[in-house]
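Novice: Listed here are the chains, written in short residue letters.
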Amino acid sequence: MTFDLRAIIESKRDFRHRLAARPVAEKLGMLDAMRERALAVRPTAKPTGDGNPRGTLKGCGVMKGLMDDRQRERER
Amino acid sequence: MNIKEVLATVNRMQADGVIENHAIDGAVGATFYLEPVSTLDVDVFVVFRPEGGKIVLSPQPILDYLKARGCGMDGEYIVIAGWPVQFLPPTGPLVEEAVREAFTKDVEGTPARVFTAEHLAAIALQTGRAKDKARLLQFIEAGALDTGRFQTILLRHGLGDAWRRFERQFLGDAP
Chain A
1 MTFDLRAIIE
11 SKRDFRHRLA
21 ARPVAEKLGM
31 LDAMRERALA
41 VRPTAKPTGD
51 GNPRGTLKGC
61 GVMKGLMDDR
71 QRERER
Chain B
1 MNIKEVLATV
11 NRMQADGVIE
21 NHAIDGAVGA
31 TFYLEPVSTL
41 DVDVFVVFRP
51 EGGKIVLSPQ
61 PILDYLKARG
71 CGMDGEYIVI
81 AGWPVQFLPP
91 TGPLVEEAVR
101 EAFTKDVEGT
111 PARVFTAEHL
121 AAIALQTGRA
131 KDKARLLQFI
141 EAGALDTGRF
151 QTILLRHGLG
161 DAWRRFERQF
171 LGDAP
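In the order they appear, the protein sequences are chains A and B.
Each residue of the first sequence is one higher than the one before, counting from 1 in the numbering used here.
Each residue of the second sequence is one higher than the one before, counting from 1 in the numbering used here.
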């Protein structure tokens with residue numbers, strides 16, 4: 001384990017690549033499990049297709065950049 | 001909840017002549033190429049058999065077929081093996097081409113007809129929502145795209161400017 005941010009980012013990237021390389025049947029099984037978990041955590045959520053109920057990420061700083069992008073598209 | 005059963009059911013529906021062709025899009029389609037990302041529904045583009053004199057497409061044959069096999073409705077979705085499934089007609093030439101050129105991949109003996117990675121990425125660029133841009137970035141960072149094929153698709157469907165805007169916005173500072 002390290003606090004080297006570059007190494008952490010590289011490790012995460014490597015983990016995603018290894019996950020992407022898993023057999024497709026296994027990955028589809030993960031989708032089944034993730035959907036069950038998402039429904040268990042938020043049982044009243046409508047299926048938005050992105051794993052999150054509508055509105056839960058509003059105001060979140062992480063999403064602000066992408067929401068600003070959407071505003072620019074509307075203004076164009 | 002069994003997404004493989006969704007694939008098998010749609011295959012049977014095509015074999016029984018309810019639809020002429022189909023292909024999986026969205027997060028489920030992307031799972032064939034990338035790490036799985038949580039999603040709550042399955043998007044399936046379908047092509048109907050041409051019927052003489054009919055101009056308006058109707059999902060009714062699909063609904064009738066699946067309801068007769070025990071599937072229920074949840075708003076605009078039909079629920080197959082616990083998964084809300086949205087059946088969509090192709091929304092333009094890019095998606096029409098994507099359905100025609102979709103791969104058939106094997107999922108433990110069940111064929112799955114899915115868009116190519118390059119078509120998934122091009123459709124994400126064309127759709128342009130925040131989550132589509134995030135998915136396009138995933139394709140790029142995973143090295144999952146045949147660059148030449150992707151660029152050819154973009155040029156053929158007038159997405160060159162959209163790609164250049166995307167590059168400037170998201171790839172300008174890429175390490």
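Quick caveat, the hints were computed from the structure, so don't treat them as lab data.
If you're wondering where the values come from, they're calculated on a predicted model, not measured in any experiment.
A portion of the hints provided could be inaccurate.
[Unchecked claim] As a list, the in silico EDC-like pairs of lysine to aspartate or glutamate whose alpha-carbon atoms are at most 20 Å apart: (1) B:Lys105 with A:Asp32; (2) B:Lys105 with A:Glu36; (3) B:Lys4 with A:Glu10; (4) A:Lys12 with B:Glu96; (5) B:Lys4 with A:Asp4.
[Claimed, not checked] Beta-carbon label-pair distances, calculated as ranges: (6) A:Phe3 with B:Met73: 47 to 57 Å; (7) A:Leu39 with B:Phe103: 21 to 31 Å; (8) B:Arg69 with A:Phe3: 22 to 32 Å; (9) A:Arg13 with B:Asn21: 49 to 59 Å; (10) A:Asp4 with B:Thr104: 36 to 46 Å; (11) B:Glu76 with A:Val41: 16 to 26 Å; (12) B:Pro111 with A:Leu39: 24 to 34 Å; (13) A:Asp14 with B:Met1: 26 to 36 Å; (14) B:Leu171 with A:Glu10: 15 to 25 Å; (15) A:Asp14 with B:Gly128: 21 to 31 Å; (16) A:Arg6 with B:Thr104: 36 to 46 Å.
[Stated by the list, open to error] Residues from chain B shown here face chain A by an in silico Cβ test under 10 Å; the list is partial: (17) Asp64; (18) Leu145; (19) Asp146; (20) Gly148.
Positions of the beta carbon are idealized from the N, C-alpha and C atoms, including for glycine.
Novice: Which of the numbered hints are not met once you compare them with the structure shown?
Specialist: Numbers 2, 3, 4, 5, 8, 9, 17, 18, 19 and 20 - these are the hints that the structure violates, sorted from lowest upward.
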